[in-house]
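Listed below are the residues making up each chain.
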Amino acid sequence: MMGGETMSPFKGVMVLGEMTEGRLAPITIELLGVGRRLADELGEELSVLLMGGKAGALAQEAIAYGADKVYVGEDSLFDEYNSDAYTQWIASFCQKTLPSILLIGHTDIGCDLAPRLNGRLRGGLSMDAVDLKIDPSTKLLVSTRPIFGGNAYAKVVSKSARPQMVTVRTKIFPPAERNDSRKGEVILVEEKVDPSVVKAKVVDRIKEEVEGVKLEDAEIIISGGHGIGSAKNFEMLWELARLLGGTVGATRRACDEGWIPVTRQIGQSGKVVSPKLYIAVALSGAMSHIVGCLGSKCIVAINKDPEANIFNVAHFGIVADYKEVLPALIQKFKEQRSG
Amino acid sequence: MHTIVCVKQVPDPEIPPAKFKIDPVAKKVIPPPGVPPVISVYDERAVEAACRLKDKHKGKITVISLGSEKATDVVRHAISMGADDGYVLQDEAFENLDSFGTAYVLGKAIQKIGGYDLILCGRQAADWGAGQVGSILGEILGLPVITLACDIQAEDKKLKVKRILKDGFEVIEAPMPALVTVSSEIGLPRLPAGMALMLARRKQIPIWKAKDIGADLSELDRSKVHTEITEIFIPTRETKCEMISGATPAEMAANLVSKLAKMI
Numbered sequence: 000m001m002g003g004e005t006m007s008p009f010k011g012v013m014v015l016g017e018m019t020e021g022r023l024a025p026i027t028i029e030l031l032g033v034g035r036r037l038a039d040e041l042g043e044e045l046s047v048l049l050m051g052g053k054a055g056a057l058a059q060e061a062i063a064y065g066a067d068k069v070y071v072g073e074d075s076l077f078d079e080y081n082s083d084a085y086t087q088w089i090a091s092f093c094q095k096t097l098p099s100i101l102l103i104g105h106t107d108i109g110c111d112l113a114p115r116l117n118g119r120l121r122g123g124l125s126m127d128a129v130d131l132k133i134d135p136s137t138k139l140l141v142s143t144r145p146i147f148g149g150n151a152y153a154k155v156v157s158k159s160a161r162p163q164m165v166t167v168r169t170k171i172f173p174p175a176e177r178n179d180s181r182k183g184e185v186i187l188v189e190e191k192v193d194p195s196v197v198k199a200k201v202v203d204r205i206k207e208e209v210e211g212v213k214l215e216d217a218e219i220i221i222s223g224g225h226g227i228g229s230a231k232n233f234e235m236l237w238e239l240a241r242l243l244g245g246t247v248g249a250t251r252r253a254c255d256e257g258w259i260p261v262t263r264q265i266g267q268s269g270k271v272v273s274p275k276l277y278i279a280v281a282l283s284g285a286m287s288h289i290v291g292c293l294g295s296k297c298i299v300a301i302n303k304d305p306e307a308n309i310f311n312v313a314h315f316g317i318v319a320d321y322k323e324v325l326p327a328l329i330q331k332f333k334e335q336r337s338g
Numbered sequence: 000m001h002t003i004v005c006v007k008q009v010p011d012p013e014i015p016p017a018k019f020k021i022d023p024v025a026k027k028v029i030p031p032p033g034v035p036p037v038i039s040v041y042d043e044r045a046v047e048a049a050c051r052l053k054d055k056h057k058g059k060i061t062v063i064s065l066g067s068e069k070a071t072d073v074v075r076h077a078i079s080m081g082a083d084d085g086y087v088l089q090d091e092a093f094e095n096l097d098s099f100g101t102a103y104v105l106g107k108a109i110q111k112i113g114g115y116d117l118i119l120c121g122r123q124a125a126d127w128g129a130g131q132v133g134s135i136l137g138e139i140l141g142l143p144v145i146t147l148a149c150d151i152q153a154e155d156k157k158l159k160v161k162r163i164l165k166d167g168f169e170v171i172e173a174p175m176p177a178l179v180t181v182s183s184e185i186g187l188p189r190l191p192a193g194m195a196l197m198l199a200r201r202k203q204i205p206i207w208k209a210k211d212i213g214a215d216l217s218e219l220d221r222s223k224v225h226t227e228i229t230e231i232f233i234p235t236r237e238t239k240c241e242m243i244s245g246a247t248p249a250e251m252a253a254n255l256v257s258k259l260a261k262m263i
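Protein sequences, first through last, are from chains A and B. Those letters in the first sequence? Residues 0 to 338, per numbering that gives the first Met the number 0, in order. Those letters in the second sequence? Residues 0 to 263, per numbering that gives the first Met the number 0, in order.
Since the hints were derived computationally from the structure, they do not count as laboratory data. Treat each hint with caution, since some may be false.
[What the hints assert, rightly or not] Computed, partial: chain B to chain A, Cβ under 10 Å: (1) Ile112; (2) Ser134; (3) Lys165; (4) Val170; (5) Ser182; (6) Met194; (7) Leu198; (8) Val224; (9) Phe232; (10) Thr238.
[To be verified] Listing some non-contacts, in silico: residues in chain B with all C-beta distances to chain A over 12 Å: (11) Pro32; (12) Asp72; (13) Asp84; (14) Gln89; (15) Ala92; (16) Gln203.
Every residue, glycine too, gets a C-beta built ideally from N, C-alpha and C.
With the hints as constraints, model all of the structure from the sequences given.
Below you can see the structure in the form of structure tokens.
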């Protein structure tokens with residue numbers, strides 16, 4: 000949809016709410032926090048859309064977190080995410096409510112829903128935003144998002160396309176502060192889902208149980224690259240990881256070799272991690288890898304090649320063969336633990 | 000079964016960051032000298048997914064790439080992997096398009112090719128990574144859209160797609176034709192055999208212009224862009240690597256452990 004520069008019918012900031020286990024999802028509380036700030040800067044309203052059989056029960060909580068208006072789509076069909084149903088229903092809802100800014104979490108749901116919704120609304124979408132501002136002179140939303148796998152960032156605006164949509168990365172903005180004395184309006188949306196739009200159906204959903212610490216949650220990660228040389232040699236990294244209560248990651252090349260499952264891949268086409276300690280072993284530090292670990296508080300590089308790029312981003316470096324360093328390191332940590 | 004795969008040529012992401020440079024005024028990335036561009040990693044996996052379906056069900060794979068004339072290289076790469084035909088969409092009017100413009104042009108080319116059961120795209124491009132083109136294309140063509148696939152099975156005009164979630168996966172069933180975006184978890188792309196490489200080199204790759212696909216130039220007009228990039232920048236990193244000394248690896252390890260003592 001194209002909105003004019005002035006007298007636009009598009010108004011207000013809207014958050015697409017998500018729920019987990021019957022509660023407002025953490026990302027929704029974060030979006031209410033940043034949404035409140037944007038709405039105040041624009042002097043406009045902050046609203047939130049909650050969808051699900053029991054969504055109404057959370058409306059007061061959403062108001063306490065900053066929403067002026069809560070739209071409730073109370074249909075148990077929404078309890079499980081369906082791309083077709085959500086896209087059709089939310090598109091139709093937005094065409095009636097005409098939000099100027101639409102904030103969506105960069106989550107499983109948001110990543111699937113936002114681009115499709117945008118295809119239908121013909122707005123302007125920026126994915127994986129890590130910063131949001133209102134330009135003081137144009138009053139346009141300016142979002143900052145990673146490009147080239149996070150090696151650079153771009154600032155994105157939609158001059159005339161509406162709504163201005165963003166998916167916002169989780170844990171970037173602090174959660175909104177709760178204030179139970181806040182007042183707001185709750186609006187039930189009567190419209191039902193047209194079941195004929197549902198072409199693709201979810202037939203199975205499986206939660207994967209991860210052994211030990213999840214890569215994204217780990218405080219210590221021992222990561223191996225192509226220089227590790229074999230699946231067997233990764234055992235040494237596991238030993239150190241277990242000793243320190245951490246877990247093991249790898250570069251794309253090591254995963255491609257089949258030495259370690261692809262679910263352990265860190266970097267542009269893998270996972271982005273930010274542990275306290277990241278020990279990079281026998282990996283050169285290609286651009287596509289380091290973007291996945293740059294958020295680490297401390298990076299230690301162990302590499303035979305003193306020219307390896309990983310030393311440019313590491314805090315501590317050891318130039319030596321990892322096969323000699325790791326056993327010594329394991330030994331020292333053991334001594335430290337027992338002493 | 001006829002699968003159309005959309006592929007993009009991107010600067011090689013496997014370079015040391017020192018070679019990664021931007022032109023903040025032009026808001027462009029300067030291609031690293033001497034490093035040839037490559038097929039975007041997710042798009043290569045999409046070609047692999049198409050080849051696996053062809054291994055099982057026979058049929059045909061068509062590859063299209065919107066880009067410069069050099070994009071024939073990535074189309075040839077896909078053909079050496081097992082695709083049958085390929086086209087490059089190149090026109091002055093196709094330069095610097097946003098996701099809507101890109102999806103519009105791809106949609107026009109796909110409508111011209113016609114007769115498809117499945118459209119595959121990478122989940123996002125390895126360069127600008129907007130992550131929208133596939134979904135918008137699906138909307139333009141009015142197809143069911145399934146994102147982030149790690150496995151695709153086809154049976155009797157029906158697709159069964161396993162898609163990646165943050166802590167697991169889900170299985171989606173959809174009628175064909177459909178559009179699916181492919182994630183890297185689908186697995187390694189095959190290595191083309193020597194003979195296939197040679198045949199791909201000889202293959203004619205037609206270049207389609209706006210008029211060849213009936214693209215309405217007013218749709219690609221600058222004033223119609225949905226999003227604009229106002230600035231690009233490289234975040235500054237101020238780390239200094241402290242090299243741990245020691246005469247032996249054991250000594251280095253001991254010195255490192257004492258440095259890290261406060262942290263763990």
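Interface hint status, Phe232 (chain B) versus chain A (Cβ within 10 Å): 6 Å, holds
Interface hint outcome for Ser182 (chain B) [beta carbon to chain A under 10 Å]: 8 Å, holds
Status of the stated non-contact between Gln203 (chain B) and chain A (beta carbon gap over 12 Å): 32 Å, holds
Chain A contact restraint for Val224 (chain B) - C-beta distance below 10 Å: Status holds, d = 8 Å.
Interface hint compliance - Lys165 (chain B) to chain A, C-beta minimum distance less than 10 Å: With a minimum Cβ separation of about 5 Å from chain A (threshold 10 Å), the hint on Lys165 (chain B) holds.
Reported absence of Pro32 (chain B) from the contact zone with chain A (all CB gaps over 12 Å): The claim holds: Pro32 (chain B) sits with its nearest Cβ about 15 Å from chain A, beyond 12 Å.
Interface hint outcome for Ser134 (chain B) [beta carbon to chain A under 10 Å]: Holds, because the Cβ-Cβ distance from Ser134 (chain B) to chain A comes to roughly 4 Å (cut-off 10 Å).
Interface restraint verdict for Met194 (chain B) against chain A (beta-carbon cut-off 10 Å): Result: violated, 24 Å to nearest chain A Cβ.
Interface hint for Leu198 (chain B), Cβ within 10 Å of any Cβ on chain A: 25 Å, violated
Status of the stated non-contact between Asp72 (chain B) and chain A (beta carbon gap over 12 Å): Since the minimum Cβ distance to chain A is about 20 Å, Asp72 (chain B) lies beyond 12 Å and the statement holds.
Hint check: 10 Å Cβ-Cβ cutoff, Ile112 (chain B) to chain A: 20 Å, violated
Hinted contact Val170 (chain B) with chain A - closest CB pair below 10 Å: 4 Å, holds
Checked against the numbered hints above, the structure violates hints 1, 6, 7; every other hint is satisfied.
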